[in-house]
Every structure is written in C-alpha cells, then in structure tokens.
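Asker: Residue numbers (my numbering), protein chains in the order written: chain F, 1 to 421; chain X, 1001 to 1326.
No lab work stands behind these hints, which were simulated from the structure alone. Treat the hints loosely; a few may be bogus.
[To be verified] Listed next, the in silico DSSO-like pairs over lysine-lysine satisfying Cα-Cα at most 30 angstroms (straight line):
| no. | chain 1 | residue 1 | chain 2 | residue 2 |
| --- | --- | --- | --- | --- |
| 1 | X | K1112 | F | K43 |
| 2 | F | K373 | F | K337 |
| 3 | F | K30 | X | K1108 |
Everything numeric in this text was worked out from a predicted model, so none of it was measured.
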Amino acid sequence: MANAPEDVKLKRQAEEDAGALADSRTGTTKFLTGLGAAAHALKMADIDVASSYPIRPYTGLMMMLSMMAARGELDLEFVHGEGEHAQLGIAHGASSAGARALTGSSGVGVMYAMEVYSPISGGRCPLQMVIADRTLDPPGDFGSEHTDALSTRDQGWLLGWAHTPQEVFDNTLMFYRIGEDPRVYLPQMNCQDGYFLSHIPMKVVVPTQEEVDAFLPPLQFPDALDPENPLGHGPQLFPGQGHILEASRVNAMMGAFPVIDEVVNDFNSRFGTSYDPFVEQYKCADAEYVLFISGGHAYTAKFAVDHMREKGMKIGLVRTRWVRPWPTDYLADILTKFKAVGVVETNNSFGAARQCGILTLEVATTLYQAPKKPVLTAFMAGLGGEVIRLDEFYYMGDVLKDAAAKGSTERTAYWIGFHNV
Amino acid sequence: MTTLLEEQVQAKVDLPLLQNIHKAVALDEYYVMGHRTCAGCGPALSYRLACKAAGKNSIFLGPTGCMYVANTSYLCVPWAVPWMHTQITDGGAVASGISAAYEARIRKGKYKGTFPNIYVFAGDGGSSDIGLQAASAMMYRDHDAIFVCYDNECYSNTGIQTSAQTPYGAWTTFTPPGPKIPEAKKLWPKDFARGMIALHPGMQYTAAASISYPVDYMNKIRKAANVHGAALVHVHAICPKGWGLRANQVLLCGKLAVECGTFHLFEYENGEYTYQYQPKAFKPVTEYLKIQDRFAHLKPEHHQKIQEFINQGLKRCGIKIPVEAV
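Okay, chain X solo, but in the shape it has when bound:
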C-alpha cells in the first residue's frame, strides 16, 4: 500500500503488456555489457529480460549471488539503471528502505520526480533460505516494490551448493551421491512462491515464470511493477554449470521443466490461480531428468519418487491434468 498523494500515484504510469516477442525485442536494453556470467547463464538472461521489461524508471537491488559477483567482478556494472548491492540476507529489507525513502521524500516535497519501480533480484538462497526473513517482511509490510527470485536451484556463485530450492536427488558439492546417500539429496525443496502466497494473504500479485517463456515472463515483471504494493515473481532460471547441461540446452531444459509439470507457470491475484501452460498431459519427469548430469546417478526407484512428488504437487495445487506414462 502507498500513502502517496493521488497525483503522484497516477504519475507512476502502468507498464503496458507485450503482445509478442517482436514487441519484447524492440524494447531498450538496460542490462548491457560488463558482466562475466557463464555461457548460457539462465539468471543473466532473466536479468536482461527483466530490465527490458522494467525500463528506465527502475532501481535494481542485487543481493550477493551470481547476479552480483559474476556481474560486477571488477568494479563494473552491466546495469544502465540505478543498482545497489545488498547483503544476501537483506534484499527485502533494503528494498523496503528505498521504498520508504521515496514515499517520505515525495510526500514531504524533498523529491520532485516519479516514484520508481524497485526490484530485488535475489537468487533462491537469497529468497527462500538466508534471505527468507527479509523477503517475507517486505511482503508483509506491503512496500511498493517487486521481489524477483531467480531460481537456479542452488547456491551457484559459491560453486554449486545445496539450497532450500535444490530438488530431491540433485548432485551439489554439499550433496554428493555415494553408497551412504545414493540419492545424493534426500530433502524435498520448499515451494517458495506458494509459501509466500499463504504467508501474506494481502499480497496483490504473485507469479511464477520461466526464461523459456520470455514474453510471459516479461509481462509478469510488468504486472508486478504495476501493482501499488509488494509483488513477487519467481522465475525458473536454468544454470548450465550447476545442473550439468551444455549452454545451448538451457532453454530446452526450462521448457521440459514446465512440460513435465515440475515447474508451474502461474499467476495468483484476487485470490485465484491462473495457469499459463495447460497441456493435455504432462510429460514423464524422466524426459527432464535425463538431460541433466546432476541427476545422472539416480536409479529408477528415485525417478519414481520424483514422479510421485510431482503428481502429489499437481494434486495439491488442484491441477487436473494427467501425466503421461513412461
């Protein structure tokens, strides 16, 4: 919620939704040269798309992670909009402070410009793990800001360690497979976006998106920005290095995640979920697992457990679409 005077609220013009990829491509770039991310980096693509969608009236915040360290390695920045580093712990807190500062300064006549769109761009660690507290508090306080979680399902920057979003069965350097732990990772991941929806019933907009569906993702960024209050976008951002893929398989992997029903594309607003990908049937999860080295050690019994978890997830979320048999 905002306490700004009506005319200042109106001055923050809604970002229009994009009809197609051509409209998206035509937008100005605000994530430019200067980063040293891996070839095929999913999060870097998610940043470029978000900055194109966000436009000039934006402030981006970078909690420590790949989108900080691999982006600014030598005292450089690839953002042509204002950007600030935050601690991995406090992206939500810093965004809250910036939002409060603009509220106060505009209201008190100390700032004459338009209220900016403020985006936290946090990895899954900085969102659902070490950053969870600050993310939740920003949403609870309903600051006019957007929390974007770029989810590469691990702590990538530090060399691929497990996070609370790392899937069951995934190799990381903290979850190596071995005779004692054949599945490598025993714990099931958090459902971050839906968890935040449940925890903050007042939050006006939450979306789950993927870099493999770029126009859908960019529109979700814009809808989140247009909300006068807190919003959350959870974007699946594939990490070729961490997941054991070639750079040119990144977008395919993202598609398969959606097509297998392990990552759902949705929006939640006005108390309702809408799903943007509704096939006749979801593909079996083995299609997704078999192209990633991080799952190479798994046996059929582990595949079955993963499929069961996906099926339960579809049921839990009320998605009445069957899964193809293997």
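Pulled out of the complex, with its shape left as it was, chain F reads as follows:
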C-alpha cells in the first residue's frame, strides 16, 4: 500500500475503520478446513504430480487429493513418497520435467527434506509445498508453531502464511501464478497453522473453473528435461563461478515483488477480493501501537483488537502475508508510524538476539535505518500449539500501551504463560 494513490489509501482507511474487508466475491459457498480449501484449489489448478507421505496434521490434504484422483475428479499422478526427503525429490523431478508439481508436510517432516530445498529453488522449479505447521520434536507435539517452515527461510523459496481457510484457497492459486511467472520461476511454501487452520472449517467462497483457468494458465517451463531439447540441469561449478549463480537467485527473489503486486491486484479485480499484496493493516489508521503477526492467530487477534478498541485503546494489527521475500520497504513505511510494535512469535530461535523469535529479528532489521523507530518487543505466544487467548492479547495490548507512553519496555521478549501470570 506504500505506493498506492491517495484516494485508494483513504478508501482503505474507511474500510478498515468499518472493520470489514470490502469483499464482494461471488461463487459457491463451501464450509472447508484449510486443508480442504487447499485441496479444492489444487484440483482447480489441475496439478499433474503430487508426492505424498503421511505426517500429522497435513496428511488430510494428500488423502483428499488421492480421493479426487481415484474418483476421476482430478487427473493426477499420485506418487507415494517413501519419506519427506523423497517427496521433495519426486516433486523436484516432476517440476524439472515440466509438470505442475505439489507436495506438502508438517513439523519434522519439513526438516527431513531440508537438503533438497536449495537445489529446487536454485533449479528454479516452480513447484508448491503446502505446509500445515507443527511444533518440532522433541518430543512429538501435534500443535502448531511456525518454526518448521521458518527454518527453511534461507533456502530461496517464496514463503507466506494464510490466516483463514479462504486465504489458503486464494494463496494456493496466487502462489502458483506468482512462482510460475517467467520473471520469477521459484518454488512456493503455502503455509497454514496446523489444527487451527488445517482442521477447523470456515466459510470459503469457491469461484468457477472458468474463472480459475482465466487467472491461472497452464505452466510454461521452456527448459524442462526433454529429449527434443537436450540440456543439462545443475552441473558442478568452480567456486569462482558461484557468485554469478547466487546473484541470479537473489534477482529472482527480488524480482518477485512487482509480480506479487501485479498478481494479487489481478486476483482482487477478478474475484472481488481486497487483499493487500504484502501486508494487511487492521484498524491501523489512527493506531498508536500495533501487534505484528503472521498466520492463523491473527484471526483471534482481530477480535481482541476490536475489544480493546471498544475500551478506547488505540491499537491496531499488522499482518504480513509474506516472510520471503520479506516486504522490507512496505513494513518500514507502515511500522514507523507507530509508537510501539509487539511481534507475536509462534516460533523459536533458541539463543537469538534479543531472546525473541525469528520475525522480530526481521522487523528489527527492517527498522534499523529508520530515523524514528517505534519501541520494539516480542510476545512468545501460542508455543507448543496452544491457543492464544483473548486475555493474553489484552495483556500484550497493555504492554504496548505502556510502551507507547513510556518509550520503552522492561523486556525485549515477553513469554505468554509466564510473564503475564
């Protein structure tokens, strides 16, 4: 929104004040979980190859895809991978051969495939991975934390979170269109909180197949492995040749910015939605302090913001849809308007600077050069996959209200469940 014209900004402010997204979408209303929403979108995207392996809580996605294939609703090569590392290898091969490929996982499964992420993104294979977040071992814990997907953030994939099943459906289509754009050709991680999004159904408006086809054309991958056009993917290189390859990968990632803008605006105009391409601002127009968040807990946070607003607190919510590429300029523009920012962290990076989570590190770097910086703190919340309760968001609001008044906080990171008791 940073570069949007004035009248658009005013319209958005009015809409935010009304507390409603100006959605005017048409289609079939379904009641779908996040996994169901992804499955529907993938069917409509006519994916060619999916590689499966079971792990809670994302497994249902693959169950649904296999049923669609068995019933003839989707013409899909459904490959039973022997593990998550293999899933990514299978998808890598399929994408390299020009197929629209899909895989997915959760938690430690995302970790097991770690080796293959860089080969895939550096190989510019535009496949999609649906991740239903799960806390990492030890021990087994089926609840949602974002550390699984966030741990891959250095591997060169597009990486973003939905906060409702509707957004999962929409992101599934948008991410393929963005990743398959010839200016980009990058793989995408399409993330949703395990259980909270993956397993709780909500209203999802599904467009027609014709509308989807018009938005998302078939994949064009000119350098696919094909005996008609022999070429080599991925020869060894001498260290002196490495920087050129790295630079081209950075260019691909940064080149995604205008494509994301273009694609999301196109999506909005076709489907009557009002997504900001990068960052959602909720009740921020006259906010003095904001919660910064990514993912499903934003849905609860919005209710908490409403309640705090009723009590006269000038609080807002800033939700980033993307972690890679990190929308630095947009966030620098937005966050410097406020006196205090509290980053809700449902992830961990043990021993990180400021003893906070991963997103705070990105926000701190975003703000580093700003002449006037807000007070910055972190709220470690929802860890282990626990619900973040309304009263916990109220506590965060109180801390931020205090911080805005005082110009500082006692801590760089507050642990919900410990410091608020």
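Place chain X on chain F using the hints.
Answerer: Quick look at chain X alone, frame taken from chain F:
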C-alpha cells in the same frame, strides 16, 4: 507399470539388441567431450557405453559422485542428451518424479512427444548406501525408469572412502590397514542387485554387467530400457585410482573379477536367473587380488577368508561351477 494409452506405449520403440562389437561401435555417441575423469576411469567408460546403448530418446540423472563432480567440474556437461544433477540421496526419487511427470503430461495431452527412457546413473554409495531408500522406492512403485548402479566399490569422488559395496580386506581412506586391523576392512559387502530382486518381487528385469564385457552390458541397458516399468542394471566399473591399478589394467581387472567368480554376470527375469559367464572352473581369487594395491597388505589367511566368501556366494546363488585350486 504404466497407465499410458496403448498407442503411446507402442510409440516407445524397443531398442534392438546388439549382435557384436562392430554394431556397438557404430552407434552414435551421447557421452562426449567435457568430462575430466581419470585416465582409465571405469565408470566413465560405463557411462559412454550406456549412452551409446540408450540413444537419443533418453534422460540421464546424475546423483552426486564421480559421474557428477568429475564430469561437470566447470559448469560443463559431456551429455548430448538431457541430464540433471540429483542429490546423492535421491536419484531414485527424482527419476520417479520425471517418470510421473511424463505419465501425467502425455495422458493429459500436455506433452505430444514419446515417453523417454529415464536412467539414474548412481555410484554404489548412491545406490546401496545413502541412496538405497530412494532406489528401493522407485523399484517398489515400478516407475518406468532404469536404475543403473556403476559400482566402483567405494566413495570415489570424495577421495576413496568405504561404502557398503567395498570388499572385505580393501584399503580405503576410512579403512586403512594397521596392527589393530590387519585386514583393513572387516565388513563384508552388500549383495545389492540380489537384495533388490528379493525386496521387489514385481520388478521385471535386473541385470549384473561389467565394463569388461561391453556388448553384454550394452544389451542389458537396452533390455532394461525396453521394460515398461522399473529395471535395475548393476555394472562393475573398475576404479584404477581407488583400487591401485594402472589405467591400462582396468579392463583386465574387470575380466578377472568375473573369471574368479567374485562378480557374477547375470539377468533375472520371469523369476529366473541366467548367467552369461559359465567357465569350466573359476580362477582362484588370488589372481584378482594380486594386481590391486588396495589388497596388497593382505596375508594368506585373509585370502582364504575371501575365497571362502566367494565359494559360499556361488553356493548361495546355486552356481554349480568349481573353483580351481591355488
């Protein structure tokens, strides 16, 4: 197995078998200049022969190993057919994905050409060790692809370390001989090809071949390609650097391995083994061991153990051919 429509299956024309070396030599080359393999490199020869046999309608996959690093060192490739690097762990997985992609795209009308022959060219590490899981899964799922294990009995690319195919008694940089371990390597190698046969009873074709028997090897590559489903070719590919041989002894060494009964040439199809080398008697293994520096530290007691292992192997495999006395 394949779900392709009949006419698309028929469109994949069988590669005819070669009668003799002249027919083999006459084939076009698809493994050309651009690699920097060692003089006498057995795996490089196995690649050249496989590419000649495979022909134009091929896609080759190179898990990390000598046939990746020593072949593409400076952002170059010696393959005149499509080729892709895979991780050492996942040659079988990537082949599966490519095979599935062609199945889907042909069936859905998104690709108009012929189904290609897809070959994984993995070293013994990328086949029976770190790559075992992906190799097995490709065969279990019966993707239409060929898994070729070029076996130089070590992790060569990284400077000669032991793998699960390294023979008992062999020196490697992870199994040096010394007073504590006079035999250097104490562990007996896996029987990779027969292990895969046992593990995947549905697999239609498995073959063991050697670069020292090139026409036999090239025909096995072609038979594997002609199968509509997964197939495995295990080729003995001698490494002069790793085994301590001169470049001009490589083919002799391969012959001796077969003549001593330590490497069997066979095909397994329709539930039966056929053996392509059936002498009146096998030579004693010392003939094979004595030309390789990697066995130079062994004593007669170790030679006897190796001979015993070979004899047991012949018995286990039902090969009723005696071994000459020393």
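Asker: Going straight from one Cα to the other, do F/K373 and F/K337 come out at no more than 30 angstroms?
Answerer: OK: F/K373 and F/K337 at ~9 angstroms, within 30 angstroms.
Asker: Check the hint pairing F/K30 with X/K1108 against an upper bound of 30 angstroms on the C-alpha distance.
Answerer: holds, 28 angstroms
Asker: Next pair to validate is X/K1112 with F/K43; report whether the Cα-Cα distance is within 30 angstroms.
Answerer: holds, 23 angstroms
When each numbered hint is compared with the structure, no violation occurs for any of them.
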